[in-house]
Every structure is written in C-alpha cells, then in structure tokens.
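Number of protein chains: 4
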Amino acid sequence: MYGFLNDYSEGAHPRILQLMLEHNLEQNLGYGEDVHSQRARDYIRKLINQPRADIHFIPGGTQTNLIVISAFLRPHQCVIAADTGHINVHETGAIEATGHKVVAMPGVNGKLTPEAVEAALKYHRDEHMVQPKMVYISNSTELGTIYSRTELKALHDLCRSRGLLLFLDGARLGSALTCKTNDLSLEEIAELVDVFYIGGTKNGALLGEALVICRDDLKTDFRFLIKQRGALMAKGFVTGMQFEALFQDDLFFQLAQHANLMAERIAQAIGACGYRFYAPPCTNQLFPIVPKALLPQLSEQFLFSLQEEVDDDHSVIRLVTSWATTEEAVAALIDFFQRHRA
Amino acid sequence: MYGFLNDYSEGAHPRILQLMLEHNLEQNLGYGEDVHSQRARDYIRKLINQPRADIHFIPGGTQTNLIVISAFLRPHQCVIAADTGHINVHETGAIEATGHKVVAMPGVNGKLTPEAVEAALKYHRDEHMVQPKMVYISNSTELGTIYSRTELKALHDLCRSRGLLLFLDGARLGSALTCKTNDLSLEEIAELVDVFYIGGTKNGALLGEALVICRDDLKTDFRFLIKQRGALMAKGFVTGMQFEALFQDDLFFQLAQHANLMAERIAQAIGACGYRFYAPPCTNQLFPIVPKALLPQLSEQFLFSLQEEVDDDHSVIRLVTSWATTEEAVAALIDFFQRHRA
Amino acid sequence: MYGFLNDYSEGAHPRILQLMLEHNLEQNLGYGEDVHSQRARDYIRKLINQPRADIHFIPGGTQTNLIVISAFLRPHQCVIAADTGHINVHETGAIEATGHKVVAMPGVNGKLTPEAVEAALKYHRDEHMVQPKMVYISNSTELGTIYSRTELKALHDLCRSRGLLLFLDGARLGSALTCKTNDLSLEEIAELVDVFYIGGTKNGALLGEALVICRDDLKTDFRFLIKQRGALMAKGFVTGMQFEALFQDDLFFQLAQHANLMAERIAQAIGACGYRFYAPPCTNQLFPIVPKALLPQLSEQFLFSLQEEVDDDHSVIRLVTSWATTEEAVAALIDFFQRHRA
Amino acid sequence: MYGFLNDYSEGAHPRILQLMLEHNLEQNLGYGEDVHSQRARDYIRKLINQPRADIHFIPGGTQTNLIVISAFLRPHQCVIAADTGHINVHETGAIEATGHKVVAMPGVNGKLTPEAVEAALKYHRDEHMVQPKMVYISNSTELGTIYSRTELKALHDLCRSRGLLLFLDGARLGSALTCKTNDLSLEEIAELVDVFYIGGTKNGALLGEALVICRDDLKTDFRFLIKQRGALMAKGFVTGMQFEALFQDDLFFQLAQHANLMAERIAQAIGACGYRFYAPPCTNQLFPIVPKALLPQLSEQFLFSLQEEVDDDHSVIRLVTSWATTEEAVAALIDFFQRHRA
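Protein chains in written order, with numbering that gives the first Met the number 0: chain D, 0 to 341; chain Z, 0 to 341; chain X, 0 to 341; chain E, 0 to 341.
Hints may be right or wrong, so weigh each one.
Once the Cα atoms are required to be at most 30 Å apart in a straight line, the calculated BS3-like pairs of lysine-lysine come out as [as the list claims (entries may be wrong)]:
| # | chain 1 | residue 1 | chain 2 | residue 2 |
| --- | --- | --- | --- | --- |
| 1 | X | K132 | X | K121 |
| 2 | E | K152 | E | K121 |
| 3 | D | K132 | E | K218 |
| 4 | Z | K132 | Z | K152 |
| 5 | Z | K121 | X | K218 |
| 6 | Z | K218 | X | K218 |
| 7 | Z | K132 | X | K218 |
| 8 | X | K132 | Z | K132 |
| 9 | D | K45 | D | K152 |
| 10 | X | K291 | D | K121 |
| 11 | D | K291 | X | K121 |
| 12 | Z | K45 | Z | K121 |
| 13 | Z | K152 | Z | K291 |
| 14 | Z | K218 | X | K132 |
| 15 | E | K132 | D | K132 |
| 16 | D | K218 | E | K291 |
| 17 | Z | K121 | Z | K152 |
| 18 | X | K45 | X | K152 |
| 19 | X | K121 | Z | K218 |
| 20 | X | K45 | X | K291 |
If you are wondering where the hints come from, they were derived from the structure by calculation, not from laboratory data.
In isolation and in its complexed conformation, chain D is listed as follows (with noise of 0.2 Å):
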C-alpha cells in the first residue's frame, strides 16, 4: 500500500533526528530560552532579513492560528478568510472558542481576493454587527495553490489602507515557496504580511511551527498569550532543534522541493491520462476529479482522500506528497492512472 493520504505520515528528517540526538543529553533552558531555538531563530532571522522579528516556536497549526488571532483582536473584531479556510471548517470552532467570529468569503481556487475582502468591510457597517480587523490567507492554500505577488501585494495594499492586519498560515509554506510558478521569497513575504509562520509538521519534522512577527507592535507580551493556551513547551529546545536542522542549510527547502517535484510527475501524468483538476495543480496537494467506479480499485493500492462529490459519477480526491514520498510510491500511481484513462 503506497500512502498519499497527508504529509505528516512519517516521523522526521534523518537530518533532524540526528541533531536531536547529538544534543539529547544536554542541559538546556526550558521554555524555548535555550541556545537551538536562538539559532533556529537568527537562521530565520537572515533568512527574511530582518534581525529584530520575533520568532515563537509552537507545537501545531491550529494552536499557532488561535493564538495570534487572539491576541490581535478586541472582542468584537472578526477575521476574513476564504470559505475553504482551515480555519473556517477544519479546526472545531477553535477561533470561535477565543470569542471571535470568523467571516468567510468565497474563495478563487482557496485562494482570498481583495475583492470579497472589499465585499465583507462593505457589508459589515456598524456596531450591530462584528468589525473586521485581520485577514486570514494560508500560502499555499488548502486547495493547493499559491498567492503569486501580485496577489500577495494587493491584499497587503488593501489591508494597509484600511488598518487590517495580514496573517498567512504557512503551515504548507515550503512546498508554496518552492512551487515552480512561485515568484515570492520568504523575505518578500515577510515584509508583505504582518506575521505568519512557517510550517514545521507537514515538511519534515515531528512538529513544531515557527512564527514569524515582524511589526514591533505586534510582539508585546507575545509570550503570555504563548502560555495562557498551553503552546510554550517545557521542553522547547526540542522544536528549536528541529528548525535549527531545517534552516541551518537549506534542507527545509530539499524537503517541500522533493514534495512537489513528486506532485509534479503524478499531475503532469494523471493529466495526460485525460483527467481534470478541481483546483489547479501546483504544490504537494492534487485535486483530481475521478470516476467514482474507480475509487475501489485505487483503494486497494493506495492511500488518499476523498475531497468532495462533483457529480453523481465523479468524485475529487485529494492526493499529497511529502519529503518521504519514494519515487517508487510516485510511478506505481501513475502506473495506475495510466492504466485507467479518464
């Protein structure tokens, strides 16, 4: 059984485990004052260019999303997201639970426009309702896809004019910088978004998701809010070290690359095999749409999900790729479509 089911199936990097066990015995600062997590950040400090950012290690995504979210917001601020936002439909309520309220507007391909950000400040116009402060993006999105600049600059302009914070959850952020049709550098995100963060789990090692807040006003008592939901880890050294090994050369990048140059061979093969796509293909998660007949025998070979129905026939599944996906795993799927034509 070849797995294309997510990309947290495997433990970590050979190259992070080593690191780890290099400096297992050591004595080390709890609560992310110990020396990896100074280096892993000044890593990323240089990285982005900027040497005053603040930079928190957090054990998960939907920890890192409530946390910010609240942080930043008065009680009756709302967050804009796409309707397909993690946070919208995949995190239990979780923004909710910190007593906010999270506007969702119909995505382009997941993707948020300035446009439907435009459309939600229009539409909330007084005290009676929720007033929007932040705008939730995810680079890349969950439906796979990318925020060029173009896309990124214009929503930074419209934020920036109309005094709305920009958070991008970069949960997938390696595999968005990484993705061939990409023009941004993490730097140029950094100065276009007003914090974000830069996704550990999904890109190779046991957990961990380093955020990035670069506004000076953002960073007060930024640890607080940390503790308060139970993400500053006793044993912080412990995600320091893992994004010391990711950035101390360029293996974060090796890893999203060695991803969606997997996700490329299957997609470029299932597309010539006649197949569609729900959203175009681009990074480590592929959306194609197949016959629901066929579902079964894949099934018996490999792992995957299913998305959502299309018609009564075909069905959108969603298969990803990670930096232990085998070359193996990649040409017994595309095996497998090509002996399946749409």
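The hints should help you fit chains Z, X and E onto chain D, whose structure is shown.
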C-alpha cells in the same frame, strides 16, 4: 555547572529515541489513530486494569488542564484547587481564559484537604456565585508532596457524595508513584479519580501527557475538545511512540525511581547538615531553606530556582532531580552543603 | 414626520405603565422572585398549558440568545441558523463571544428549512469540525415571514430524530401569532420547540423577553447562567410587572394584532399600487422594493430603513408598524404610495 | 413588616416616572441615540466638567463590570480587586466568563489599598502568570465604606505610574458622594479614575447605570462591546430618560442623601445601644453585629440579610436603607434595638 533547575532540561531517554528511530520512516495514520498510540493505550489500560478507559495523548500539561476543565464544566461552574495549584498560579490564567473561575483554597503542604473543599462548598451557596463542580489536585504536588491512599480516598468520597468531579494532574505522577512513602498504585488512582493524566514531559519523554478518562459519561466527544484547543497533533504517533516505550516495560517507573533516589540522597545529606525544608522532602522536588548569604556561592556551581523568601535572611530554593540527573552532580551538591552546614 | 423605523420607538402601552404605577412604592423581592413575576409566569404557563415550565424574564433579545445558546452547548458544539438569522449578522458576534460558531445556511424567505439543517449535519462529519447541536429559528423571521405548523413540525421532527435542540427566538412572536395566515398556537409552539421566548420589547413593553424552558433537563441551574451574563436584574419585578400586564388578559395579542392590521393595510395598498415585495408581507415588517429615485421624497415625510440594494435602480426598504402606529400615519403612507405608483 | 433588605425593592422615584409618562408616546431613536439620553449625557458631562466624556447607559451593574473589564484587557491580563469586591464573589464568575482572572487581595474594610496592589504586582512577575492591568474598586464598597480623596489619589498615582487602568464601580456612588465623611466630588472622581459608573438601579431608577469613559484611548468602538454583550437596549431612551430625571436637577443627590440620613439615624441608635459594627457605618449599608438569639425576633418585624457568622453566638447582619425608606420604618427599627440593648 550542575543543573537542578527542573526535570525537563534534557531530551528523551535513549530507549524512547530508539523506538522512534526504528519506526521513523514507517507511514502512520494521523491524529493519534496510529498503532503506536493504540499499543501505548493498551499498556496503560492493562496497568490500571480498566480495559475500557479512554486515553488521549496531549502535548503539554497546561493544555491538558485547560481541555479537561473546560470539557466538563458548564459555564457557571468552577474548579476548586489548592492555592499553590498549578492552574491557580502558573498557567497565565489558562483556565479563566476558557471561562471558568479557579477557586483557590489554602493547601496543606501543597495538598487540598476535604475540609478546604467543604469550606468552598459551604461558601458558594446561590446563583450569585459560581458553582463548584470539580476538584483539581496534583500528585505529586507543586511542593513535591504526595497524597496517601487515605487522603485520596477521603477526597474521592467527598466528591462522590457532593457530585463533584475529581481531576488529578499527574505531570509528576511517576515520581509520586515511586516515592518511598507512597501507598497508592496506578490502578487505585484510576479507581479513585474521575480523570487524570500521566506525565511524560517531566519523566523522560520529549513531550506528552497521557490523559485517562475512566468514567463513560465523560468520554463523549472528547476528541472534538482536544482538536478545538489545538492539541490533536497531526503526528500523534510521536507522543504515542514515546508512551509505548515508557510502558511496554517498566521504563516509566525506572526513570521516576532514579529521580527520586537522587533526590532522596540530597535530602538526607542536606537534612544531616542541619537544614530545614519548606515542605517535607518526598519526591524529586526539594525545597530546602537556605541563608541568602549562601546563594551566590551556590549559584556559581549549580542551577536551581528561588521559590520564595521566608525571612530577611533566608530563602526557599527549589532543587529538582530527573531521570537524567547524574550521581556526579548529586555528589557535588552534597559536597557543597557538607562544606556549608547550617 | 411619521415613523415606520421599528417597533421600539415609543415607551410602553399605558395599561402596562398603569400597573407599574399602582405598585411603584410596594416592596418587592429582588432578582425575579417577586409576586408580579410569579403571576406573569403563571399566566404564561396556563396559556401554553405547561404548568411546570420554567420562565425567566431577561432584559433584551441578544442577551437571551447568548444565554440560551451558551447554556446548552458544550464548547465544541455549534448552532445552525438561517443566513439572515439575527444571531448570525446583527449581534456583533455575541454568540461567538461565548465560544460557539454559528453555522449559517441559506434561508428561504428568512426561514430555515429541514433540508438546510440536513445539509449542515451532513457536512459536519468528524472531530475536525464543530458539532451541530442546536437549531435557531425566529418567528416571525427577520424578513417578517412566519413558520406554518407543518414547517415547524418538520423542524421539530428532524431535531428530535437527530438529537438537536430547537430554539425559537420570539422577539416578534406576538406578531407571528396574530398574523392572518398563522396556524400555530402558543401552546403548540411550546410543544414543538425545546426553548423559546416571548418578546416584550417589540410588543408594547419598556423592555423584557419572557424565556420559556419546557424540557426538564434544560432547567438546571439556569438562574446561574442568567446572573453570569449580567441579566438577573435587581429589580426583576420591573419586567415581571410588564408581562403581568401583557398576559393578565389578552393585551399582548391585542397589541400585536394592531401592529399587524396597520401593516396589512399598508401592504395591500402598496401592492395595489404595483410594488413588489422582497419577502411576502405577513406580519408587522414589510419589505417593498422601491425605485431609488423615490427615496428622497419618501424620506421627507417618513422614517424607514434601507434593507439592501436589488439593482442599480431599486432598493428594498423596511417598514415596521407597532402597537403604537396610528391610523393617521398609515393613511399618510398609503396616500404617498398612491401618489407614486410603481 | 419593614424592609431593610436592599435598596432596590421599590420601583422608581415618582419624578422619574413622571418624565417617562410625559414622553411615553413620543417616537425616539433606538439604541441610546435619542434626545433624552443625549440630555442626560450633557447633564453628567457638565457635572464632571468633562465635555468630551463618553457616556453609555447600561441596564445593570454586573453587565457594566463585565463589559468594561473585557473591553480593555488583552487575553492574558487580569484585574485586581479587594477580596470582598463584587466582581470577585457575587457575579457568578461573570468576569472569568469573559476570559479574565480576578486577582483578589485582602481588603481593609472592603477597600483596596495601594500596598495590596503593589503586592499583587510584585507577585505576578513573568509570562507564566497573568499580567495585572486594571484595578477595580467600588465606592461605596460592598461593606458600605468609602474612599477618601487621599486614598483614591494614592491608588490613582500608583495606577498611573505602573500602567494600570483604574475602574470604579459606582453602583452606590450616590450614597458615597452624599455621605457625611466624604471629601470627594464627582468631578474629582472623574479626574482620578479612568472609567467609572454612576448607579441608577440602587438610587431611585427602575434600572440603569451610567458608564463614564474619560480617557480618549478607551472610547474606541465601545458601542460594539456593549452590543456584543447584549446591553445595547433597543429602547435605550428608557434608561436615558431616567438619568435625565436624576440629573436635570439634584434629584440623584437628594435620593442618596435621604438613604444616608436614614442609615445614620439607625447607626447612631444601634451604636448607642451598645452594638458594634463589622465595618464602620458610613453610607446606606450597615453591618451591626448582633446576638444570634436576637435574630428570630428581629425577623418577625424586619427584612434584612445575614452577612456572616462572627462567632458561635454572634452574626453580622446587613441593613440597607434607600431613597424610599420611611421615617416610620426607621423609628420602628430603632425602637426594636432600644428594647434589646447589647
């Protein structure tokens, strides 16, 4: 420099890492539904002799506390804790952030007494006040003391008769269970409380707490609550494997025993040198009272933390041993005190 | 200037004030335990033929909604509402501020259908998503429409079979019950829903909503929840007396009937002049579609509100009648439309 | 039976009702934007000599407390109060329900001291603990005592120098201001605190508290927060008119003065009979210590409440006078104590 700052300074016990390495490239299901988590659950179920217990692995203690407490209380209900209780002072208002008051009652050596619980019940008498619904205790406590079977039974009986839930924070349960004066088994604890957890972070794991829910009526929908608070980890097998390693044999108990043994040697030596203790030494946390004048010298050689001032000339310090504390460090510390008798 | 802005522009019906004046210097118990509140409860219990119903008087509708919804849901549960539902758009995120997501589904003329509820249930399928537990409807709706017995019964049956609570916001229940096309009695409503309220503010009282809880299992500790949200008024008898006056005879129904009669005359006249309506006219809220060009003139003589734009040339306006709307005002409005036919 | 149970047993002072009756059928704008609310605001602004103060009318005290506190604190911040403070014990956890811890410090006769605030600041020292950001006091306090100018100035200075907000709960501010020993004017209070309210409910109104926000930076979006908590009343003019009546001349002060005068007579007489007081008598709440044996007889003739037991034979009772307390009731109570000397 020898470290007695806490029990979470090192990585994981080598046998835990070994198991993780062996299975590193294996593909596992996400969100705790993997075989390692299942095995770890089975080991624990067997140990407590409760084959139907629900067991969830959660990254950290504050997170576990806030999930459990907010899962089982209605909005107007509160939790009773000792004034020294972790949830009362050291979680940045994590419980209040979920909407619930922590009613703090004076503890005796860090322990909550039935009399204190009764007093809280008597005081909260109508709908103008919060309604006590849960009792929170930790074992070992924040002062390193433990509950005897008689003491726990008394709290159990009171809670049962007054309709209160009894929740035991076991961040340092290993140390409590392997303490010389302990007369409670893990099985008995599981019988006497409604919900409790077994701490991994402070007993040799990289991270993770094993939450055990015995009562059927408390099991419903618990995974929703874990997810909502951001604690349902994509790579749940990372904590699952660690508890597998801790409980597939008696590693969990061995590690705690070592920490206790190291602490015991220190306590005996310090006591023999004429020092008194703020709370009776028992598990892996010691609270000797030392002259302030001694602190600069002590700091040159050892890492420890200041607990509080007792008078103009004396302070309570906290010394913590762990599974990784070396005999050499212990000897050095004993030597120091023998050279500086009270 | 004639006012059709809303049904809460005037004070209270004189018979309500009369009763308040008679008892003004009487000493009453606080917090709703006075004889007037008791009498009001008894009148309502008799009317709904539920001698054991719990009835609480709460100052306002938003407060009632947030207390009810947060009282009965666990943290991970959500409430389903029509997209036009008051809790979804016009309460500044009051429900989310208590921690719960409002899942908005497309309504039909402001009404929630069983199909929409089924769709929401189907979509929310695992612990990564909120769990639907309550259905919120308003009668009359935010578009002035009402639920027929058949429609309410269908929602009731669905909720019963799927374990959902059914909550009816009756801020304008008087208008719904006395509407010509209504086929539901107050008694039937009390049977078909789990909890509902009878609006006083918008039907002749100074303030106050009478919340009715029929199911025994929902009654527990409800006064704690009212108090916690700041709605247990010291002078609870102020609202108690008003509901006493409204229900000691049929004043409540008379007032609503008058409002409906005034609206009906307007609707017939406007319709006869060739105007269409955004939602079918039925109760005391009317939503005619008028040329934008007409608005300036209309505004010179009448107060009303703009609901939304329908096209470049037309807008929906909202006209509201009340217990205090005069025949003179109605005649003037009809005259205006007769002079400006569509 | 004569009532000394509280100051909210009767309706409203006749002059308040008179003004409401005069304007009953007038059409007013909703949500506090009516002319009566505007006039009431202007009267209060003039009285405090702050023409730019924001003033909001809110139905009740608990609601006002929870709105103010949650409006100005970030999630990790707490409010410091005296242990007897209303928010700490008598609001069913309303503040915690908005996510914030109430840090209770020992009060002196119900008053919070600068020393207690300093102690709380010293104790809360890092991100593992909540961060003090606001000081809550009530004047008069829950024990009927008042703050002198010197005391309030000291709290003000401390709050200013330590970056804390100072919030004064004035549910019984009228009684404090008209108390014989008071040396603070309303204008001075408005200068010394950041936000406060003037209680109507306990000083002759049917309901309502006038919240005064002087600092510009605290004014932003406050109506959103009122709405979100369900306190933006549709018929806001109902409370507006009442404050108009209370402040268009000196009715507010007259009513409080009467209550104080009645209390003073009782206190002098009881004291002369040899009784001691739990807190020094000062405003309209008295706390004499009486033999338990006397309570049955006292209860036959008078309504009062039991505050707490002081020893096996004595209890503290609470006697409250109001604007509506009659000389006859006072004479009867004095007569009783003169017949039962200590």
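Status of the hints after comparison with the structure:
{"no.": "1", "hint": "X:K132 with X:K121", "result": "holds (13 Å)"}
{"no.": "2", "hint": "E:K152 with E:K121", "result": "holds (21 Å)"}
{"no.": "3", "hint": "D:K132 with E:K218", "result": "holds (17 Å)"}
{"no.": "4", "hint": "Z:K132 with Z:K152", "result": "holds (18 Å)"}
{"no.": "5", "hint": "Z:K121 with X:K218", "result": "holds (23 Å)"}
{"no.": "6", "hint": "Z:K218 with X:K218", "result": "holds (24 Å)"}
{"no.": "7", "hint": "Z:K132 with X:K218", "result": "holds (17 Å)"}
{"no.": "8", "hint": "X:K132 with Z:K132", "result": "holds (23 Å)"}
{"no.": "9", "hint": "D:K45 with D:K152", "result": "holds (22 Å)"}
{"no.": "10", "hint": "X:K291 with D:K121", "result": "holds (19 Å)"}
{"no.": "11", "hint": "D:K291 with X:K121", "result": "holds (19 Å)"}
{"no.": "12", "hint": "Z:K45 with Z:K121", "result": "violated (39 Å)"}
{"no.": "13", "hint": "Z:K152 with Z:K291", "result": "violated (40 Å)"}
{"no.": "14", "hint": "Z:K218 with X:K132", "result": "holds (17 Å)"}
{"no.": "15", "hint": "E:K132 with D:K132", "result": "holds (23 Å)"}
{"no.": "16", "hint": "D:K218 with E:K291", "result": "violated (58 Å)"}
{"no.": "17", "hint": "Z:K121 with Z:K152", "result": "holds (21 Å)"}
{"no.": "18", "hint": "X:K45 with X:K152", "result": "holds (22 Å)"}
{"no.": "19", "hint": "X:K121 with Z:K218", "result": "holds (23 Å)"}
{"no.": "20", "hint": "X:K45 with X:K291", "result": "violated (49 Å)"}
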